[in-house]
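Read off the chains here:
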Amino acid sequence: MNIGNHVVESAEQSLYEVRQKVYPRAVRGWFAAWRWALVWATQLVFYGGAWLTWNGRQALLFEIAQRKFYIFGLVFWPQDIIYLTVLLVIAALSLFLFTAIAGRLWCGYACPQTVYTEIFLWVEKLIEGDRTKRIRLDRSALSLEKVLRKSAKHAVWIALALWTGFTFVGYFTPIRDLWREVWSASTGPWATFWILFYGFATYGNAGWMREQVCKYMCPYARFQSAMFDRDTLIITYDPERGEPRGPRARNIDFRARGLGDCVDCGICVQVCPTGIDIRKGLQYECIGCAACIDGCNQVMDKMGTPHGLIRYSTEHALENKLDRAQMFRRVFRPRSLIYMAILAGIVVAAGVSLALRVPLKVDVIRDRAAIAREVAGGEIENVYRLQIINTTEQSQHYEISVSGLHEIHIAGPAEVEVGPASSRVLPLELRVHAEREHLTPGAYRIEFEVRAIGEGAGKVKVEEKSVFIVR
Amino acid sequence: MSQFSSSFWDFYIAVITLVSVVACGVFLKMQSVRKVAGGTTETTGHTWDEDLGEYNNPLPRWWMWLFYITIVFSLVYLVLYPGLGSWKGLLGWTEVGQLKQENARAEALYGPIYDKFAAQDVVALAKSPDALAIGQKLFLNNCAQCHASDGGGSRGFPNLTDNDWLYGGAPTTIEQTITNGRNGVMPPWGPVLGAEGVKDVAHYVMSLSGGAADSIRVARGRETYAKICIACHGPEAKGNPALGAPNLSDKTWLYGGGEPTIVETVTKGRNGHMPAWKDILGPAKIHLLAAYVYSLSHR
Chain A
1 MNIGNHVVES AEQSLYEVRQ KVYPRAVRGW FAAWRWALVW ATQLVFYGGA WLTWNGRQAL
61 LFEIAQRKFY IFGLVFWPQD IIYLTVLLVI AALSLFLFTA IAGRLWCGYA CPQTVYTEIF
121 LWVEKLIEGD RTKRIRLDRS ALSLEKVLRK SAKHAVWIAL ALWTGFTFVG YFTPIRDLWR
181 EVWSASTGPW ATFWILFYGF ATYGNAGWMR EQVCKYMCPY ARFQSAMFDR DTLIITYDPE
241 RGEPRGPRAR NIDFRARGLG DCVDCGICVQ VCPTGIDIRK GLQYECIGCA ACIDGCNQVM
301 DKMGTPHGLI RYSTEHALEN KLDRAQMFRR VFRPRSLIYM AILAGIVVAA GVSLALRVPL
361 KVDVIRDRAA IAREVAGGEI ENVYRLQIIN TTEQSQHYEI SVSGLHEIHI AGPAEVEVGP
421 ASSRVLPLEL RVHAEREHLT PGAYRIEFEV RAIGEGAGKV KVEEKSVFIV R
Chain B
1 MSQFSSSFWD FYIAVITLVS VVACGVFLKM QSVRKVAGGT TETTGHTWDE DLGEYNNPLP
61 RWWMWLFYIT IVFSLVYLVL YPGLGSWKGL LGWTEVGQLK QENARAEALY GPIYDKFAAQ
121 DVVALAKSPD ALAIGQKLFL NNCAQCHASD GGGSRGFPNL TDNDWLYGGA PTTIEQTITN
181 GRNGVMPPWG PVLGAEGVKD VAHYVMSLSG GAADSIRVAR GRETYAKICI ACHGPEAKGN
241 PALGAPNLSD KTWLYGGGEP TIVETVTKGR NGHMPAWKDI LGPAKIHLLA AYVYSLSHR
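Residue numbers (the numbering used here), protein chains in the order written: chain A, 1 to 471; chain B, 1 to 299.
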């Protein structure tokens, strides 16, 4: 913006301003229905998931204190951190893929911030009415009705928020016990803190903060431009069709008067949860919720003009006037194909790895201070500590054997029982007759094999490398 | 630190801290409003590359208050906690005090687990799988470094599994050994006996446990033994648990039973040190540990 030649006049400008409250107007339509479908889907999973049982225990339970993470039939240990890494990589790649194809799908439909704001807005609409009524109520003087409506709304919000906090904590501590504790007011200090904390976060973010979370706190908006390209489907106002905008009577031939399809009713701005005008083009505030598409389409119906003045389109499609088929064909461009290929590869690899996962983990730690000692009979003895982790939910017997040196053997019992989903440390002595075996001083590679024995043990075994030292 | 520097540095640090905190507030105030030449309120007034402007997208006001809250927080913090020079803070918080508090909390939480076993005697505990499970953990964390994970010991560190004891294997003795530690001192005899004399004694010692030895040296060594070594290791070389002097007539060797090792032991002496654990573990844990150690040779 060139300001050089203007008469210089000094103006004071604030770099902070009081937030303009956004009153999103309720909207119905194809995309709103999708959003509600996802609200139901995500919330049924979230609120319901914690109550499922599996094998007599909670199906989804992340016991931080015990460092055991139960997901249906699987028990994850801290050693399985790689699966968390893989999950995060899959989540990140999915985000890249969805964003490259259709922008902020996550933000618009599935992000908890959007989902809870949607639920809280629905409560607000039920109690205070839609946009205009809410604006009027906020501007009105204090009255009994205002107090009643406001307090009713906050009561419902707080109840919802506390239920959310309770459910969240219920994934980390058995939810049924927690439920009993809540009713007898005997929850522990940390459970109480986290229930209130997540409750407060839900209430504050979905009730008060809303679009500010997306605009000022969430980093996603700031780097989305790196993931967009000219073929990314974004919510776009078609200026060529819409302009020049302006009000008109319904029965006139507006095209003859040089008007575009946009009647400048402002519905698209009123329904926007972040309070922007999509007609100004793509903005970082746009969370891609498509409420403006639904709103505009309703108006287009009334005006008798076709849908899609605001629609999912791409920069490329707008410029080159591509039809829908051409536009959607570009979804399968190298960028998204590469994302899909990597994503599919990782998902398959993770699935295979999970399916082949051995429910037994062994760590071998050689005693370091006592290097090697001579025992009766002239044998050399090394001591090892075997940490044997049984990740099944049944007690298991394991047999330990060792190989790598001729005649190397375990002194003492080589069998151990490990309880369900627990670990056991087993000190173990290995012996070999160094002289008879002509072993010179040094380190020799050996391998432990721990194998489940007994009924139903299957082929569960783990091999672990170590060294045997002769001196 | 005070013996190295004057109180000047306390003031120096305090002034720097306060000036920084106040400066943050002043800068915040200065930077929340900007004078823009040109009267346009759309942009920040910055211009790059001839005509590139920057839109002014003001942050919400509450965001600015968050900054001010951090300043208030830091001032309150500096009043309540140590942080301003030598000021101790109104709450009297110290790291050591917090450690003590946490230890007391841990004691209150885990104490009952150990207390449950404190009433039972060691022999009974050595048969209790619950007590042994805890005992093993304590052993692996504190003792295994020297005595090895299986308790089998290593050169210079006694084997705890063979029921052969330097100081005696009664439960109370084991507890006492862990509590107060032991110092096993064998004096160096090289200067007194000379190389030949040491070798004679070594051969006599080897013969005590039935090892091959030169009979002439054994005879000479026996005389020396009767004059010197007998004081600690006893007339029959059975050792003395009161002193921790080892029994030389069995085949158990702490440092090794070959001739060169015995010669080295006699010449240079040995100094075995078992640390005292009473301040680190306390009586309740030592009780469990004694039971575990006892169980190693009474399976």
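The hints are simulated quantities; they were obtained by calculation from the structure and are not laboratory data.
Note that the coordinates shown come from a computational prediction; the quantities given were computed from them, not determined experimentally.
One or more of the hints may lead you astray.
Cut-off 25 Å, straight-line C-alpha distance, at most; resulting in silico cross-link-like pairs (BS3-like, lysine-lysine) [said to hold, decoys possible]:
1. A/K68 / B/K100
2. A/K361 / B/K137
3. B/K278 / B/K116
4. A/K280 / A/K302
5. B/K100 / B/K285
6. B/K100 / B/K278
Quick rundown of the hints versus the structure:
A C-alpha spacing of about 30 Å is found between A/K68 and B/K100, which places the hinted pair above 25 Å, so the restraint is violated. The hinted pair formed by A/K361 and B/K137 meets the criterion: a straight-line CA distance of about 19 Å does not exceed 25 Å. The hinted pair formed by B/K278 and B/K116 meets the criterion: a straight-line CA distance of about 19 Å does not exceed 25 Å. Using a Cα cut-off of 25 Å, the hinted pair A/K280 and A/K302 holds, with the two alpha carbons roughly 24 Å apart.
Pair hint B/K100 plus B/K285 holds up; C-alpha atoms about 19 Å apart against a cutoff of 25 Å. At roughly 17 Å between alpha-carbon atoms, B/K100 and B/K278 fall within 25 Å of each other, so this suggested pair holds.
In the structure shown, a violation is registered for the earlier hint numbered 1 alone.
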